[in-house]
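Peer 1: Single-letter residue listing:
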Amino acid sequence: MNITIPPIVFNGVSLYFNNRAALDDVTLEFQRGKSTAVIGSSGSGKSLVLKCAAGLIFPDEGIIAYEGTSIASMKETPYQKMQARTGFHFQDAALWANKSLGENLSLPLLSTNPDYTDSELKNKVEESFASVGLQLNPSLRPASISMGQRKLVSFLRATISRPDILFLDDPLGFMDREGSRQLIAKIEEFRDDGATIIMATHDSSLIKTMTDQIMVLTHGRLSASGSYQDVLPLLRELV
Amino acid sequence: MVETIGLQVRQSIKQISYAAGFQLFLFRETFNFLSRRRIGLKVLIMQILFTGVEALSIISLLSLGIGAVIIIQGAQLPDFLLGDQLYRILIIVITRELGPLLTAFVIIARSGSAITTELGNMVVSHEMEAYLSVGIHPVSQLGAPRLIGVSLSMVLLTMYSNVFGLLGSLTVSSIISGVRLTDQMAALFSNFHMVDIIASVAKSFIFGLIIAATSVYYGFSVNGAVTEVPVKTIRSIGMSIVLCIIADGIIILITVLLGATNL
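Residue numbers (the working numbering), protein chains in the order written: chain X, 1 to 239; chain H, 1 to 263.
Simulated from the structure, these hints should not be mistaken for laboratory data. Beta carbons: idealized from backbone N, C-alpha and C, even for Gly. Any given hint could turn out to be false.
Short derived list, chain H residues pointing at chain X, Cβ under 8 Å [to be verified]: (1) A114; (2) S125; (3) E127; (4) E129; (5) L132; (6) S133; (7) V134; (8) P138.
Model the full structure from these sequences, guided by the hints.
Peer 2: Written as structure tokens, this is what we have:
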């Protein structure tokens, strides 16, 4: 890992759906160890920026580089290594419906280290639940818990392997006050540990308290970027 | 006009290339699956359970019925129930043709459609992206065990179907002709050739690969809308049937060329 280069760089990135540009010539850099909020109105392309940056979607034009290497040109092993060092918290939780909650958390661990024993996995899952105050039976399926609880489990799945880069897509959506408090505390913990955090959010308190850098998207284009103070006039319209 | 045709040809070539690339990747991941089976082992077991075990009752009923019907219909023909040719006809019709094909149709209807629907819904609910995000390729996690599970189940179910088909035939034949069932079974076994079993196993294995590969491909080809799922499922079923029948024709042609079809 070369700490002098930004971990993720977009260069002229465009993405089209039905000949319409969902992302239009986006060029940006996410700084190492910083928290960045990608904001904008609904449909402006926030989630797409996160998914492209995480290598889950490939752009039609332009280059996205992870640690200086184009994600699109990565071979399988470097791509898997990149994924092992990043975590993605999905807007709609996206838990694996046909797996138990315990399996949802065990699989990321097994993908990085297949030698984990069943008891080690069980302990890790229990510790993980306890860290956000979740009192759930790990053998339950995602369909049997609330959306807010699913979001918390999704966050745990994204973070159980202690990633260096954390993508949070609308992290506080569907969350009640207590859940939000628990989640913010965990995000802060990651930020304090030096993780790079990239989030798409509408939550003004999260933007104000948690971010070092803000990027504003308008109709798929990067219309502004800077600190909270720099983009404050725009925030009043968007958040 | 020329431009439209050109665009369509280009689009078709692109689609065929993508499908071919996908299948190559799926088969490669299936070989790799054996080395990292811990992660996908449960998916494999569940697939064998759903495709193989849960289909036993319907396959039993269907095979017994078809076997019985062949004899009842055949009995209308003069001298049908006489001589060893009856056993050879039964063996060829049931083990080489109806067994593998009927089993394939049942598997397409039950498991092929279920695989496409399940994978399509997983695309829609971003579960595939979730696999990628934790460093697991969804094709290796979800496609490979299904390919192995369906192919394995297809071979075992076809053998099971053959047994029930022949049993149905012989039972009805015994009732009509008055010859004891045990005598009929002894005569049947003496007419069995190794090539019958090889042809049945080969066909069922190839049909299994076709059904699994087609269903997985169409499941993964859903782009993100829920309304695409039933459309892809219908296409998957139609394509699986067509490909199985084409493969059946090719296998018959090969066995004819090798001289392995003589009564």
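Peer 1: Decide, hint by hint, whether the structure agrees.
Peer 2: Each hint tested on the structure:
Below 8 Å, beta-carbon pairs count as interface contacts, and A114 of chain H has none with chain X, the closest being about 12 Å; its hint is therefore violated. Checking S125 of chain H against chain X: minimum C-beta separation of about 6 Å stays under 8 Å; hint holds. Using the Cβ-Cβ criterion of 8 Å, the hint placing E127 of chain H at the interface with chain X is satisfied: the shortest such distance is roughly 5 Å. The closest approach between the C-beta of E129 of chain H and any C-beta of chain X is roughly 5 Å, which is under the 8 Å cut-off, so the hint is satisfied.
For L132 of chain H, the shortest C-beta to C-beta distance to chain X is roughly 5 Å, which falls under 8 Å, so the interface hint holds. Interface hint status for S133 of chain H: upheld, as the beta-carbon distance to the closest one in chain X is roughly 4 Å, under 8 Å. Against a cut-off of 8 Å between C-beta atoms, the interface hint on V134 of chain H holds, since the closest Cβ of chain X lies about 4 Å away. Because the closest C-beta pair between P138 of chain H and chain X is about 10 Å apart, greater than 8 Å, the hint is violated.
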